[in-house]
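Chemist: Sequence:
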Amino acid sequence: METVTVSDFEKFIEKPPFPTFVQFETNTICNAECRFCPHKTMKRRNQVASWSTILKIIDEAIPHASACCPFLMQEPLLEPRLLPILSNIKQINRHCQTTIFTNMAAMTEELARKIIESRWLDTLIISFYGPTKEIYNRLQPPLDWEKTKRNIKRFMEIRKEYNSDKPFVKMHYIALPELLRHYWQFHYEWINVVDDIGIVHYDDFHGDMPVLWEKTERRIWGPPASERYPCPRLWSGINILCDGTVVPCCIDYNATVKLGNIHEKTLHEIWLDEPFREIREAHITGRYDDISLCKNCKLWRYQHPPEWNLLWKKLKS
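Position one of the sequence shown corresponds to residue -9 (our numbering), numbered consecutively onward.
Please note that the accuracy of each hint is not assured.
[What the hints assert, rightly or not] The following label-pair restraints were derived from C-beta to C-beta distances:
(1) Glu254 - Tyr178: 22 to 30 Å
(2) Ala245 - Ile274: 17 to 25 Å
(3) Met199 - Glu151: 38 to 46 Å
(4) Pro295 - Pro265: 34 to 42 Å
(5) Arg34 - Pro213: 33 to 41 Å
Don't read these hints as lab results, they were simulated from the structure. Since we're looking at a predicted model, the values are computed, not measured. Just so it is clear, CB atoms sit at the ideal spot from N, CA and C, and this is done for glycine as well.
Let the sequences and hints guide you as you build the complete structure.
Modeler: In structure tokens form, the structure reads like this:
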């Protein structure tokens, strides 16, 4: 975005093109009760998207998408339709990069072979926070530490058997103090097993989960952004829950801000419709507190792209 002019940016803000990032939920089922995730308190329990809903999302969104995550508040390996979903995405747009985040507890040899053979999944990101068994049992109950480790290593062995580079496998490591104390131990164990390891921000789900102390944040990430600017997610991506409800952000797990439903309007209509315009306008004018979802959000402190903030700063001046 460095080459984008302020004039171009103004046009983009006024009438944003349909987003190239799509995330949609296929069910709300998970096999873990992670301490850092609000899933167990979620109101939308045990919902499953109809196949017609999934196909409608794919047909309307994927032709324009460069990236897609076919999951949201769920463990994607528990989705029995995962392979057909990935297949349909690739049939519509073979260039669309597919990604899932998984705790790997439900990975089987059969499923691993199907995923690797198909080459329909581009990136697999593993949420495994177990430098020690004790920490894992505390952070990701009731999953089995030894079994999950075996699942991850076996998946990589099978990929090697196929001499395949897909899916690219990355492990995420949340920047929590109790985890960071063991990071290098974790790193040395896994860096030669998977393709990459990345430290990621802790997300308090706009205040619904315990908030990380600001001094701790600063010690980990350095100084935060000096000023809050509109959230880039309102212009860059679209999120659809399993009943067809469109929400402004992937952390709106209880659908507190509903922007429309794909069974009533197309995704393109919802993208430019009044509810979406109103929430963007609230951000443009700095009225973040008017939106219940955004009022206590702290993602802007560290997670907005620097080039995005710079364009807003230029636009203001």
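Chemist: Ala245 and Ile274, beta-carbon distance inside 17 to 25 Å?
Modeler: holds (23 Å)
Chemist: Does the Cβ-Cβ separation between Arg34 and Pro213 fall within 33 to 41 Å?
Modeler: holds (37 Å)
Chemist: Given the hint of 38 to 46 Å, is the C-beta distance from Met199 to Glu151 inside that range or not?
Modeler: Given range 38 to 46 Å: holds, Cβ gap about 40 Å.
Chemist: Does the beta carbon distance between Pro295 and Pro265 stay inside 34 to 42 Å, or does it fall outside?
Modeler: 25 Å Cβ-Cβ, so the 34 to 42 Å window is violated.
Chemist: Please check whether Glu254 and Tyr178 have a Cβ separation lying inside 22 to 30 Å.
Modeler: Given range 22 to 30 Å: violated, Cβ gap about 52 Å.
The structure is inconsistent with the numbered hints 1, 4, although it conforms to all the rest.
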